[in-house]
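Visitor: Spelled out from the first residue to the last, the chains are:
Number of protein chains: 2
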Amino acid sequence: MRTRFHEDLEQLANQLHTMCLRDRAAIAAATGGLLNADLEQSERAIEICQELDTLRDQCEHTAVALLALQSPVAGELRKVVTAIQLVANLHRMGALTEHIADIARRRHPEHAVPESMRSIVARMGAAAVAMATSAAAVLASGDPEDAARFDAEDDTMDRLHHELLTAVLACDGHSSKAMVVDMTLLGRYYERFADHTVEVGRRTIFMATGCNPEEWAATRPRDR
Amino acid sequence: MRTRFHEDLEQLANQLHTMCLRDRAAIAAATGGLLNADLEQSERAIEICQELDTLRDQCEHTAVALLALQSPVAGELRKVVTAIQLVANLHRMGALTEHIADIARRRHPEHAVPESMRSIVARMGAAAVAMATSAAAVLASGDPEDAARFDAEDDTMDRLHHELLTAVLACDGHSSKAMVVDMTLLGRYYERFADHTVEVGRRTIFMATGCNPEEWAATRPRDR
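Protein sequence lines, in the order shown, are assigned to chains A and B. Mapping to the working numbering: the first sequence position 70 is 66, numbers consecutive. Mapping to the working numbering: the second sequence position 60 is 56, numbers consecutive.
Be aware that one or more of the hints could be misleading.
Facing chain A, from chain B, some residues (calculated, C-beta under 8 Å) [stated by the list, open to error]:
(1) Leu17
(2) Ser67
(3) Leu73
(4) Gln81
(5) Ala84
(6) Ile116
(7) Leu161
(8) Val164
(9) Val176
Across the chosen pairs, the derived CB separations fall in these ranges [as the list claims (entries may be wrong)]:
(10) A:Arg102 with B:Pro105: 35 to 43 Å
(11) A:Gly206 with B:Thr(-1): 28 to 36 Å
(12) A:Arg102 with B:Leu35: 32 to 40 Å
(13) B:Thr50 with A:Ala148: 25 to 33 Å
(14) A:Ser172 with B:Asp53: 40 to 48 Å
(15) A:Asp168 with B:Gln7: 55 to 63 Å
(16) B:Phe1 with A:Glu6: 44 to 52 Å
(17) A:Thr162 with B:Val69: 49 to 57 Å
(18) B:Glu43 with A:Arg102: 49 to 57 Å
Keep in mind the hints are simulated off the structure, nothing from the lab. This structure is a prediction, so every number in the text was calculated from the model and none was measured. Every residue gets a Cβ at the ideal spot worked out from N, C-alpha and C, and that includes glycine.
All chains, full assembly: derive it from the sequences and hints.
Guide: Below is the structure:
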């Protein structure tokens, strides 16, 4: 029974890791589609997001089967419960990415992002890909030290989001209201995508240590 | 053991119901604060949302204790797993409400919502309160028939959201970009709040029947 249990737990961890890698591929494609008004990339992003529905169902199925058949306790129960919560974060990252791809698709063949803001959005896209990469690495390693580094990456996204809103408010009076709406939503979607990667980090710390990140940080040597 | 189990399960159901009622109180206060530029109501909303952090922790604790100590299976396991997922929806409703209250607080003593749009926002707020009321009733009854009625309410919110964006795009050229940003975000927050209440309905159907809402609808007599 124990061997089967650990195989199932490993399968669940692999499924979560796969979801995160698909999120990364989706946000990269959605950002490419958005910045280049490239319909094919936007549609590719949407396809990946739809795959994530199936991956979510598979993960939830594995987790519930583990609970039903193996009745884990203590740290192993914590892993399965956290996995159920992580599935929701990883699935939501896909839904947010789909919204980004939808905006690009709706404006095609026009550009949704005015030229003056493309560099900021490109950096937000790169930050989102970097955070998904980190989240996937943390899911693979389960290392709370890696997870604790997320906050700095989220600060980058927050700064970029602020920069984007400042640019939106400062752009000339003839810019359309539709552009302001689109840019406000795009900023929000990238920021929320990043928030979910931070949650992946926080939950990984809890999964590994049984502490929330603040409690866990307090137990670590100061000079690290 | 069975008696203890059912007591714990009832406690969990009560905690979820309490969270939903707090969400309702919060969105009502946040909408009041927003429409009347009433700082006290906005701050009341924020306080309630902070209470929701504690309620979330309590619910999660009850659910994990149930899994650890009682090892439920079949329909009872489904209830506990669904409860863990519901906690996330109910907590997120509070976070969205806090964002609404924050916008009102940031613009105080000015009005965040221009007079021409206050009636639409008032209807969005009323729809959100109605949906939270329905979600709480469904959590209390666990009745999938009640849960199935949610979709119609969500259509109302979608229509209002569309009406709001149309009003934002149509308003005169001198209106500020900051107003467009605020209204775009407010629309998004109300819409997402409603989406989460719909999720509460969907999950309740799953909890009660083991089917997703579409599968379950297909099993019901056509003339209902």
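Visitor: Hints first: check each against the structure and report whether it holds.
Guide: Comparing the hints with the structure gives:
1. Against a cut-off of 8 Å between C-beta atoms, the interface hint on B:Leu17 is violated, since the closest Cβ of chain A lies about 23 Å away.
2. Look at B:Ser67: its Cβ gets to within about 4 Å of chain A, closer than 8 Å, so that hint holds up.
3. Because the beta carbon of B:Leu73 sits about 6 Å from the nearest beta carbon in chain A, less than 8 Å, this interface hint is met.
4. At about 7 Å, the closest approach between the beta carbon of B:Gln81 and any beta carbon in chain A falls short of 8 Å, and the interface hint on this residue holds.
5. Hint on B:Ala84 holds. Least Cβ distance to chain A is approximately 6 Å, under the 8 Å limit.
6. Restraint check, B:Ile116 versus chain A: the minimum CB separation of about 15 Å is more than 8 Å; hint violated.
7. Interface restraint check: B:Leu161 against chain A, minimum CB-CB distance 7 Å, threshold 8 Å, status holds.
8. The beta carbon of B:Val164 is positioned within 8 Å of a beta carbon in chain A (closest approach about 6 Å), and the interface hint is therefore held.
9. A cut of 8 Å between beta carbons decides the hint on B:Val176: the least distance to chain A is about 4 Å, and the hint holds.
10. Judged by the Cβ atoms, the range 35 to 43 Å given for A:Arg102 and B:Pro105 holds: they are separated by roughly 37 Å.
11. A hinted range of 28 to 36 Å for the beta carbons of A:Gly206 and B:Thr(-1) is consistent with their spacing of about 29 Å.
12. The supplied range of 32 to 40 Å is met by A:Arg102 and B:Leu35, whose beta-carbon atoms lie about 38 Å from each other.
13. Distance hint for B:Thr50 and A:Ala148: a CB-CB separation of about 28 Å, consistent with the stated range 25 to 33 Å.
14. Distance hint check: the CB atoms of A:Ser172 and B:Asp53 are about 45 Å apart, consistent with the given range 40 to 48 Å.
15. Taken as a hint, the range 55 to 63 Å holds for the pair A:Asp168 and B:Gln7, whose Cβ atoms sit roughly 58 Å apart.
16. Restraint check, B:Phe1 to A:Glu6: a C-beta distance of roughly 30 Å breaks the suggested window 44 to 52 Å.
17. Look at A:Thr162 against B:Val69: about 55 Å separates their beta carbons, and that is inside 49 to 57 Å.
18. The supplied range of 49 to 57 Å is broken by B:Glu43 and A:Arg102, whose beta-carbon atoms lie about 39 Å from each other.
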